[in-house]
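Note that the protein sequences, when read in sequence, are chains U and R.
Per the numbering used here, the very first residue in the first sequence carries number 1; after that it's consecutive.
Per the numbering used here, the very first residue in the second sequence carries number 1; after that it's consecutive.
Just so you know, these hints were derived from the structure itself, not from any lab.
Be a bit skeptical, because a hint or two may be false.
Since the list can't tell identical chains apart, any single copy or any two copies may satisfy a pair.
Stated by the list, open to error - Restricting the straight-line Cα-Cα distance to at most 20 Å, the calculated cross-link-like pairs of lysine to aspartate or glutamate (EDC-like) are: (1) K176 with E256; (2) K271 with D321; (3) K122 with E177; (4) K365 with D16; (5) K116 with E196; (6) K116 with E191; (7) K92 with D249; (8) K116 with E203; (9) K102 with E380; (10) K416 with D16.
For clarity, every value in this text was computed on a predicted model and none was experimentally measured.
Number of protein chains: 2
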Amino acid sequence: MSVEIICVGTELLLGDILNSNAQFLAGELAQLGIPHYYQSVVGDNIQRLKQVIQIAISRASILIFTGGLGPTPDDLTTEAIADFFETPLEEKPELIQEIADKFAQIGRVMTDNNRKQALVPKGAEILPNPSGTAPGMIWQPREGITLLTFPGVPSEMKLMWQQTAIPFLKSQGWGKEIIYSRMMRFRGIGESALAEKVAHLFEGTNPTVAPYAGLGEVRLRVSAKASSSQEAIALIEPISQQIQAIAGDDYYGADEDTLALVVGQQLRTAKQTLSVAESCTGGGLGAMLTEVPGSSDYFLGGIIAYDNRVKMALLGVSEQDLNQFGAVSEPVAKQMAHGVKEKLGTDWGIGITGIAGPGGATETKPLGLVYIGLAAPSGEIHCFEYHLGARRDRAAIRYISACNALDQLRRQLLRKI
Amino acid sequence: MSVEIICVGTELLLGDILNSNAQFLAGELAQLGIPHYYQSVVGDNIQRLKQVIQIAISRASILIFTGGLGPTPDDLTTEAIADFFETPLEEKPELIQEIADKFAQIGRVMTDNNRKQALVPKGAEILPNPSGTAPGMIWQPREGITLLTFPGVPSEMKLMWQQTAIPFLKSQGWGKEIIYSRMMRFRGIGESALAEKVAHLFEGTNPTVAPYAGLGEVRLRVSAKASSSQEAIALIEPISQQIQAIAGDDYYGADEDTLALVVGQQLRTAKQTLSVAESCTGGGLGAMLTEVPGSSDYFLGGIIAYDNRVKMALLGVSEQDLNQFGAVSEPVAKQMAHGVKEKLGTDWGIGITGIAGPGGATETKPLGLVYIGLAAPSGEIHCFEYHLGARRDRAAIRYISACNALDQLRRQLLRKI
């Protein structure tokens, strides 16, 4: 009894897209403790699809398909499946209506080729697609063989997986022994340095502890095998406590926690507000903060001071300092932080200025030089200098700059609260 | 005559890593014009590896393996291959020395388990690994079957591919005919609607035309087989022209073009400047604009007016209108666009206000309702209303809102230039 993942799409064979669906599904299966020994990728071609199905049913009992469910002529997954199991396709009228409604919602008219998405093999059940038009299906074409199909769009596939596939698989008795993981997140410490500090924990077998390097952050995955998530958490918790004690302030959160979320919780607790002044990040810090629903409780807004005129006019940065020290300098970062705090009347103000590249670097100001100003409620203004390195690209430098700004605010708030 | 990619590694089956090797190799094969119809992923298990080889040689003549070449006991690719073709492994003394030298270079001593990496099936040629210890091999175990093995570490695999695999494949006559593609990008039209308009082109065989759906955009991939990229472009160009004529303003660019890049080129050409006022996108539009190096030529900055107080104080949005029409309304979007244009003294001003959710929706103002104000150099202020749908999540609504704002500016600039 095992699962085979079958990803359908010529774009995968052409290297146009990364097969992130396979990774997501593989991880989910592992968590549910469902054995999974093979993955196949095949193009939008009925004969080859049928051949892959032939092989898959000889070595797995659950086949999970992604891709090829859309309205266009090269979406052939459902057709190939029906054809392989010699079962006619039937149109689900309720689906036609649902698809039409979805088009109406976004102010578009359903075109005829979309009817195709309402066809499923006779006897198959629909897997509703809450966020897209192409539904999936679940079908037992013969004893001991179950097929699940999902669209290729990752966000749609994931939502359907969580809402419909997991309950089904659990109803089939899977997930009795689960693997439950907590991803612990750290900033301000390198992977090898953290690994050395917690080396003794890598020996453990249940839970296991494994390090992962992320962009400007380090993660430790603590995984436990147990019969319930409660039981797993009971195994994970003491290890997690140990690690937090070892890492101190460098630990900022776990799993879905983001710096923006953690800082937001701190600000809400402290009943304090924040505004940002961004140069090299160009709005990325504000975007990060406002990814968090309800961030309007503590984030009032900011000023994107990409041009020096905006730094002067809206943030009161001194023209003389701009000329003397340059836009990427400690005095300017501090004045940006102070200026936005005053202008928007918030408790905290952050200013970011740096050289994200590819151009703009000089002898004295290398690519990746970033200054982060942090104006505190007390009136004191901190400044942090970063050298994010010449090997990082523009996107990475901008992203890490915004994260570092949040991390510095997080550390300040830790001391305050 | 085709290739099958076989990625070996239990970590792929556990979802620990993304299979970026498969995407890289697929893209390389496409460029060389080598047909590639299947990819397989299998764990570090000899029996299953042999089964995958059995299937692969029945449908492909070149098998490309990645992963499982290292020194640890779970690295079994070479062993499984030798076993399947019933050929003894032999140790290459020169490799032992090479591997020992590499350890010496990084100040380490070669451990015994590394000898394993010097074993290849009798008759196989070595593919040197310049950046790591595990070499690969090229082997023709029987007439019409060629195997290439590469380590799983992407950087090592890519270097070996470029330095040794490509020359080999070209020596075998491949790469005379390449596949060259152009990804055409569209906004403001749905996948199915565009597909219907260009349906007649889907019949073509060289170039081929295939549709892809993206988040808030649609793409058409035009691929041509030819003996050179110049020749391929000559085949693609007329089709591309036809499609552009059919799609009109809904076509915005190709390949690496982004809306921010295209709008930036338009603004530079028009010698005009832009500023943005963001509420629901919280800085995301500014971040998108400044992803483009050199955007400071036309993008001066903006105001993140997340809180109504900021809308009033910095953008001059009327308190009465905020109370009467609400923050998510046409008058407010227009005043935001006008306000930021005035405040920053730019030619164009964009204002975005909307309900990104999950909270904030009302009877009259559904989730996904977004107003985009666009203040033009002429002084006229346009406003666009979007219903991005209750099924999209916060991130998608924010992303599409920023893209739509750029798209509306793009359309205005098309008319002006």
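20 Å Cα cut-off: does K271 pair with D321 within a copy, between copies, both or neither?
This pair counts as neither: shortest intra-copy Cα distance 34 Å, inter-copy 29 Å.
Evaluate K122 and E177 at a C-alpha cut-off of 20 Å and name the case that applies: within, between, both or neither.
Neither: 33 Å inside a copy, 44 Å across copies.
Is it within, between, both or neither when you check K176 against E256 at 20 Å Cα-Cα?
neither (24 Å within a copy, 46 Å between copies)
Using 20 Å as the alpha carbon limit, work out where K365 and D16 are close: within a copy, between copies, both or neither.
Neither way: K365 and D16 sit 38 Å apart in one copy and 38 Å across, limit 20 Å.
With 20 Å as the alpha-carbon cut-off, assign the pair K102 and E380 to within, between, both or neither.
Neither: 53 Å inside a chain and 34 Å across chains, both beyond 20 Å.
Which holds for K92 with D249 at a C-alpha limit of 20 Å: within a copy, between copies, both or neither?
neither (56 Å within a copy, 36 Å between copies)
For the identical chains here, do K416 and D16 meet the 20 Å Cα criterion within one copy, between copies, both, or neither?
neither (49 Å within a copy, 35 Å between copies)
Within a copy, between copies, both or neither: which one fits K116 and E191 at a CA-CA cutoff of 20 Å?
Classified as between; 14 Å across copies, 50 Å inside a copy.
20 Å Cα threshold - placement of E196 relative to K116
between (56 Å within a copy, 14 Å between copies)
Quick one: K116 to E203, C-alpha cut-off 20 Å, is that within a copy, between copies, both, or neither?
Result: close only across copies, 19 Å inter versus 52 Å intra.
Comparing the model with each numbered hint stated earlier shows that hints 1, 2, 3, 4, 7, 9, 10 do not hold.
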